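Q: Listed in order, the protein sequences are those of chains A and B. Read in the UniProt record's numbering, the first sequence has 156 at position 156, and its numbers run on one by one without any break. Read in the UniProt record's numbering, the second sequence has 35 at position 35, and its numbers run on one by one without any break.
Don't read these hints as lab results, they were simulated from the structure. None of these values were measured; they are calculated from a predicted model. Be careful, since some hints might not be right.
Which bits of chain B does chain A cover? Going by a derived footprint, with three or more residues having C-beta under 8 Å, they are [as the list claims (entries may be wrong)]:
| no. | region |
| --- | --- |
| 1 | 9-16 |
| 2 | 35-42 |
| 3 | 93-101 |
| 4 | 162-170 |
| 5 | 203-216 |
| 6 | 233-244 |
| 7 | 255-261 |
Cβ atoms here follow ideal geometry from the backbone N, Cα and C, with glycine treated the same way.
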Amino acid sequence: MNAITLPRPLPRVDARRRSWSHGLLIALALAWMLLFLLLPLAAVFVEAFHAGVQAYFASLDRYETLAAVRLTLLVAAFVVPLNLVFGVTAAWLMARFQFRGKALLGALIDLPFSVSPVVAGLVYVLLFGAQGWFGPWLAAHGVQIVFAVPGLVLATLFVTVPFVARELIPLMQAQGSEEEQAARVLGASGWRTFFHVTLPNIRWGLLYGVLLCNARAMGDFGAVSVVSGHIRGLTTTMPLEVEMLYNEYDYVGAFAVASLLALLALLTLAVKTLLEWRYGGELAAHAPGGH
Amino acid sequence: MTRRILPGFGLSLGYTLAYLGLIVLLPLAALLWKATGIGLHGLLALLASPRTLAALKLSFGGALLAALVNAAAGLLVAWVLVRYRFPGRRLFDALIDLPFALPTAVAGIALTALYAPNGWLGQWLEPLGIRVAYTPLGVLVAMAFVGFPFVVRTLQPVLASLDRGVEEAAHSLGARHGQTFRRVILPVLMPALLTGFALALARAVGEYGSVIFIAGNIPLRSEIAPLLIVQKLEQFDHAGASAVGMVMLAFSLVLLVLIALLQRWSGRWAERPA
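Could you build the full structure based on these sequences and the hints that come with them?
A: Rendered as structure tokens:
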């Protein structure tokens with residue numbers, strides 16, 4: 001540049017024009033959220049109560065539906081504690097130590113987030129199905145994994161592996177390890193340090209991770225639909241029951257079961273929001289994830 | 001090497017590796033083993049049917065479009081939620097995560113109820129000649145639904161931490177609003193925007209539950225790749241299912257690496273001194 005270019009005069013902020021464009025942006029965003037978030041949610045409940053409150057409760061009070069609820073709770077009861085212990089262990093490893101291959105291990109923990117749930121189901125069929133690696137051996141010993149509860153638990157474990165770890169790793173990294181080191185120097189054992197120093201510090205993040213893991217474990221569809229075999233009353237979880245009722249044109253029944261799952265989702269969101277408002281500082285900013 | 005003060009390195013490393021090995025790696029190895037058993041030529045032959053190609057094209061193309069839609073809508077919504085104050089803002093902010101929390105089968109039948117020809121929205125779109133349910137457009141709507149939170153949630157923290165002084169400087173130097181946005185704000189948002197885009201893409205490619213109800217699953221037209229895997233498994237065609245599964249897994253792995261690189265990049269942006 002050969003001459004000094006003088007800045008143009010300050011643009012005069014036309015307050016009326018700006019508030020008009022702000023209003024337009026807000027309206028567009030609200031319209032999008034209304035269309036893509038609120039309307040689908042409303043549809044679930046409106047369709048569920050379409051034929052009245054009595055029909056709603058009658059469609060829930062059926063043997064198959066209750067069996068599906070029980071099975072969903074059973075699967076979650078296996079999956080959530082296992083992934084809770086894994087998540088805390090992995091977070092301790094990732095947030096407290098430096099070692100070679102750490103970045104690779106982090107990517108490995110995230111892997112189930114980017115794998116299609118149907119592929120997650122497929123790999124367990126390839127492993128334990130009749131034509132699979134361990135299929136003949138399992139058949140010879142009378143153990144059934146695919147098309148039975150163990151298969152449902154395994155496929156659900158796969159898709160929910162990262163939830164607790166993903167929540168805890170950034171939180172523990174942000175908190176640092178000074179308090180734990182102090183506890184060790186003062187003579188506390190490793191376990192005592194963990195239960196009296198680490199755990200109280202991460203409790204809200206842990207609760208949040210467990211909630212997300214649980215919501216996903218109860219709501220998974222793709223992975224369990226591959227390994228379930230759709231045996232009514234035996235291997236159909238609630239999302240699978242929704243599918244079967246829907247395909248039988250029992251819309252009230254399908255949406256009634258769906259409304260229970262939607263309530264679980266709303267409860268999860270409500271607790272999450274509450275935790276963020278009250279303990280915002282104790283929940284690390286995190287990237288979202290998860291199928 | 002200095003002695004570690006905190007205990008449990010060996011235990012936590014061993015447990016993490018063993019758990020991931022059993023739950024994630026061993027099953028994926030079974031898929032790899034099956035795919036290598038078929039061989040590259042065999043895989044290509046299995047994938048070459050028009051129906052499989054159409055399904056893969058729909059899953060990848062639809063996911064790409066849905067992620068683009070989400071990048072635009074997500075940028076708008078994140079901007080509005082961070083920058084403006086309006087009644088119900090916190091409620092909407094909390095609702096952003098709904099597609100994460102809502103089981104996909106529930107989302108699937110809800111979207112179908114809205115967009116079916118006699119549905120809430122479908123009955124108004126039908127006379128306009130727009131059919132959503134049981135067409136590729138329906139697949140797009142479901143994919144956009146499940147991927148929506150990713151872009152918003154990756155952009156929000158970056159937008160909130162933007163230094164407003166830089167924008168004011170741009171204004172005072174004579175930049176117009178559009179110019180400031182394009183040349184000052186957007187470059188800083190780019191890593192997060194791309195990360196959110198890639199996350200939404202990964203999610204949409206593999207999506208199954210919310211898509212199959214609204215798609216109508218017409219072969220060659222509105223059938224997605226994960227559904228093809230399910231159907232091949234139901235016919236005990238493990239080789240065919242593995243071939244499609246392998247393509248999807250390979251894509252997931254590529255995206256995973258890409259996302260890791262993007263996050264490192266955005267991390268560098270965040271750490272840059274102001």
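Q: Give a verdict on every hint.
A: These are the hints, each one checked on the structure:
Counting residues of the region 9-16 of chain B whose C-beta lies closer than 8 Å to any C-beta of chain A gives 6; at least three are required, and the coverage claim holds. For the region 35-42 of chain B, the stated coverage by chain A is violated: 0 residues have a C-beta nearer than 8 Å to a C-beta of that chain, whereas at least 3 were required. Evaluation of the coverage hint for the region 93-101 of chain B: fulfilled, as 8 residues show C-beta separations to chain A shorter than 8 Å, against a requirement of three. With 0 residues bearing a CB less than 8 Å from a CB of chain A, the region 162-170 of chain B misses the requirement of three and the coverage assertion fails.
Coverage of the region 203-216 of chain B by chain A holds in this model, with 7 residues showing a Cβ closer than 8 Å to a Cβ of that chain against a need of three. Closer than 8 Å: that is the beta-carbon criterion, and the region 233-244 of chain B has 5 residues meeting it against chain A, so the requirement of 3 holds. Residue count for the region 255-261 of chain B with a Cβ under 8 Å from a Cβ of chain A: 5. That meets the three needed, and the coverage hint holds.
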